[in-house]
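Residue numbers (the numbering used here), protein chains in the order written: chain A, 595 to 708; chain B, 52 to 165.
Just so you know, these hints were derived from the structure itself, not from any lab.
Bear in mind that the values here come from a model prediction, so they are computed numbers and not experimental data.
Ideal Cβ positions, reconstructed from N, Cα and C, are used throughout, including at glycine.
Label-pair restraints from in silico Cβ distances:
#1 A:D648 with B:T163: 40 to 46 Å
#2 A:T705 with B:G93: 16 to 22 Å
#3 A:Y624 with B:Q105: 23 to 29 Å
The calculated lysine to aspartate or glutamate pairs, modelled on EDC-like cross-linking and capped at a C-alpha distance of 16 Å, are:
#4 A:K643 with B:E153
#5 A:K643 with A:E670
#6 A:K654 with A:E670
#7 A:K646 with B:E153
#8 A:K662 with A:D648
#9 A:K654 with A:E610
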Amino acid sequence: GNSVTQMEGPVTLSEEAFLTINCTYTATGYPSLFWYVQYPGEGLQLLLKATKADDKGSNKGFEATYRKETTSFHLEKGSVQVSDSAVYFCALSQRETSGSRLTFGEGTQLTVNP
Amino acid sequence: KAGVTQTPRYLIKTRGQQVTLSCSPISGHRSVSWYQQTPGQGLQFLFEYFSETQRNKGNFPGRFSGRQFSNSRSEMNVSTLELGDSALYLCASSLALTGGYEQFFGPGTRLTVL
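Work out the full structure, taking the sequences as your base and the hints as a guide.
Right under this line is the structure:
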């Protein structure tokens, strides 16, 4: 079945540091890939997505590139802010076989200190 | 446009009781999915409804059930509650089952079973 593996957290950075959160997946066919963010006490918000190989999703300074050859979708940001502190989830879906069902990674807690 | 709403936001029940959670999708969205979030298991897919029909189901016991109404609002029910059912239950809506439509999440219902 489908699965998503994220780098273990928590991750603690200083403001303006570079961020990378690794994500790899296992799936048959061509899944769509997503990064969601969850702030304390809230639901999930879609941060960015990519629907085919070599697509780059980007939003709010965050980027991730769909790498089919390495089955990866690593999240990066060049300069993090305190407001980026949250839990980040990598996820995939395969609408052809599973509808809207999302398979999530374990989540990575990010804390950014001033 | 109003987002996904979930009621109630917080709920405390005792073992053996049953509970019903409600989700109102974004206007015009016809697909509603439910997820359970716990510290130990992460985000797990429960089920998905589209046009009042369950289209996908996750690996949960039969105590977990749901339904969708003609206005796309959805409810999920958990019978004979167990301590392990304590979790954040998230509802997500999207326009359709297929086509790469984004899923929008509600704030969740925090269920505590004592």
